[in-house]
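J.: Each chain, letter by letter, is given below.
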Amino acid sequence: MTAALSCGGLGKRYGDLVAVHDVGFSIAPGQAYGLLGPNGAGKTTTISMLVGLLRPDTGTVLVGGVDLAREPLRAKSRIGYVPQEIALYPELTGRENLRFFGRLFGLPRRALATRIAEVLDLIGLADRADTKLGTYSGGMKRRINIGAALLHRPEVLILDEPTVGVDPQSRKAILEGLERLVGDGMALLYTSHYMEEVERVCDRVAIIDHGRIVADGTRRELVSLVGGADTVELVLDGDVEAACAKLRAVEGVAEAVRTGAASVRLMADGGRYLLPSLITAVEGHATVTATQVIEPDLEATFLHLTGTTLRD
Amino acid sequence: MTLRPRPVAALVAANLRRHTRDRTGLFFMVVMPFVSILFVGMAFGGGAGSSRLPVGVVAPGSDAVTAALLAELREHPDLEVRPLEAAEDVRSGVRAGSLAAGLVISPGAGRLDLVVTQTNGSGLAARGAIDGAVAKVAAVLEATRAVVAAGATPEQAAGYVRRAQAESGRVGVTGSATGGGDPRGFAYTAPANLLLFTFINSMAVAAALVESRRLGMLQRALTAPVRRRSVLLGEALSRLFVALAQAALIVVVSALAFGVSWGDPLGVAAVVGVFALVATGAALLVGTLLRSPDQAPAIGPPLGVVLGMLGGCLWPRESSGEVLNAIGHLFPHAWGMDALLTLAEPGTGLDAVLPQLGVLAGMAALLLVTSLVLFSRRTPART
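Residue numbers (numbering that gives the first Met the number 0), protein chains in the order written: chain X, 0 to 311; chain H, 0 to 382.
It should be emphasised that the hints constitute simulated quantities derived from the structure, not laboratory data. None of these values were measured; they are calculated from a predicted model. For glycine and all other residues, C-beta sits at the position ideal for the given N, C-alpha and C. Be aware that a few hints might be false.
As the list claims (entries may be wrong) - Facing chain X, from chain H, some residues (calculated, C-beta under 10 Å): (1) A9; (2) L10; (3) A12; (4) V57; (5) G158; (6) R162; (7) E210; (8) T222; (9) R228; (10) N324; (11) L367; (12) T369; (13) L371; (14) S375.
As the list claims (entries may be wrong) - Computed list of chain H residues with no C-beta within reach of chain X, every gap over 12 Å: (15) L2; (16) V7; (17) V103; (18) M216; (19) R219; (20) S229; (21) G233.
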């Protein structure tokens, strides 16, 4: 299957400063791909090269198999790009802004009004479409900002921090809408400072730092890259000391510490998959009455890989 | 879905709609020019009908020379002769401003006393007209004297001179049309305000362009399947339409409401069109160089006012002096005024304003090329 968006060997330098070096990834239709990185890591430079705003020094971008450098107009018509800033006319209404983008992308005249109505429904703003954008809340503006990129039914949607300054309700609506679009087969490239959004929306994540992709994979793959073991907490009823000794002997358990009268904390690789063995191991000495598996999260992985937190 | 991108149409439609939402901007386009034409026009020589300079004349003598001079003054298209009794009336009239100038003709024409104020433009204009009339009479006297000296009788001499005058009559008419200085009243303030407001409002709409750049609209537009030149063209046309609409509005309303006669439609269209291109180029340049949209109204219109002053759009340029008018001709307004005032004279057409059109076209080309190159360079991707 042709990738909806793929890039390879992308590089951009400004004098001595290497902004992006050898960045490459591929996004299949219906796949959501996250790009995580601290500020200045090269996320926006990478995206600018993907949407044709910036000419890369090296590397190629293929949109649905079309080379962006050779056939920019054909390639661009398959991309929907949502910039970080609200790039809309505040003097115009939501509908008028969408009409502008519809014309810009060349939607057929007759289909334009219908498609605008569809998009307004999709982003849940049909009832506010005819008031001026300047009167909208931050979340509503963000939704129009996304809607403007959907009018021409792009094969791949590229979002640069789409939920900055958005109220929880709008954030929920935006994320649900994106999940629906991905479910319908649209490819998605998503960057955000909000780890939980990326974890929720994206199937695959690349971590970019100092212009290079330092890790790339599913969430679990990334987390296991750090070699981080799960923490498993057990509440036991019975001979806790004897149970603890038994638990230490289970394969994969690195450590078992008694943390209270009835509680034990284990460090274990793939802790959640060990649960049945753990419960079996204590049989005859104690009964497991409660469990909690705490996985190392992406945030910890990110910190480990980049030496910085996302929200700096 | 087959996509046929219409970036130029999209940008023009969106930008024009944005301008219609700007109430202050609309007020300055639709109301202000006419307020200015009306008030300045009334202050400066009344309306289009009474555009003649009032000149008080004291002429106690009834000799041939006095009669000839009075006749010449009365025939002058720019002068309205008001006979007065005493030289003192002339002086007080000029001082009070009810007379543009005064002339005391002593009997026998041995002596002419001209009363004008040096600081007043219409005084200078009246002086020019009176000088012209006096020169004509003097020329007749001189010619008659020469013919008599050559041996003719005074009657024969008068006959010869009359015949010579009749033969040069056609030339004389053309001369009087161009020699009378600039027109007065609405005939002057309408073209002056056309140039002034077309330019100022073009500068004001440059704010919208700065805003578009600041919002990232142009960046975003360039991610659509469109060419960079189409986006530039769309932005340029948006400004040009505003300039043309402003100019057309002033031409039509001033013709209908103030009876201003603009002259040859083709010539006026050419001058206005080229001037609108100049204003568009200036607006694009300002819109490209400024960083904040608030700077555009703070810098653009004042610049437009200053150029308007130098070009004679705020007050009659005849009162500005030669140096100022020469400086004014470094900028487009003065050339626009030259062209529009020339066209307003009967019998002139496009060919009479070709030099001015050439200068304006050169300015427009320079501004448009510079601004589009800068504009294109300053719209790169942000990193």
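J.: A separate judgement is required for each hint: does it hold in the structure or not?
T.: Do the hints match the structure? See the list:
no.: 1; hint: A9; result: holds, 3 Å
no.: 2; hint: L10; result: holds, 8 Å
no.: 3; hint: A12; result: holds, 7 Å
no.: 4; hint: V57; result: violated, 64 Å
no.: 5; hint: G158; result: violated, 77 Å
no.: 6; hint: R162; result: violated, 72 Å
no.: 7; hint: E210; result: holds, 8 Å
no.: 8; hint: T222; result: holds, 5 Å
no.: 9; hint: R228; result: violated, 13 Å
no.: 10; hint: N324; result: violated, 41 Å
no.: 11; hint: L367; result: violated, 23 Å
no.: 12; hint: T369; result: violated, 24 Å
no.: 13; hint: L371; result: violated, 19 Å
no.: 14; hint: S375; result: violated, 14 Å
no.: 15; hint: L2; result: violated, 4 Å
no.: 16; hint: V7; result: violated, 9 Å
no.: 17; hint: V103; result: holds, 64 Å
no.: 18; hint: M216; result: violated, 5 Å
no.: 19; hint: R219; result: violated, 4 Å
no.: 20; hint: S229; result: violated, 10 Å
no.: 21; hint: G233; result: violated, 9 Å
Going down the numbered hints, you'll see the structure goes against 4, 5, 6, 9, 10, 11, 12, 13, 14, 15, 16, 18, 19, 20, 21, while the others check out.
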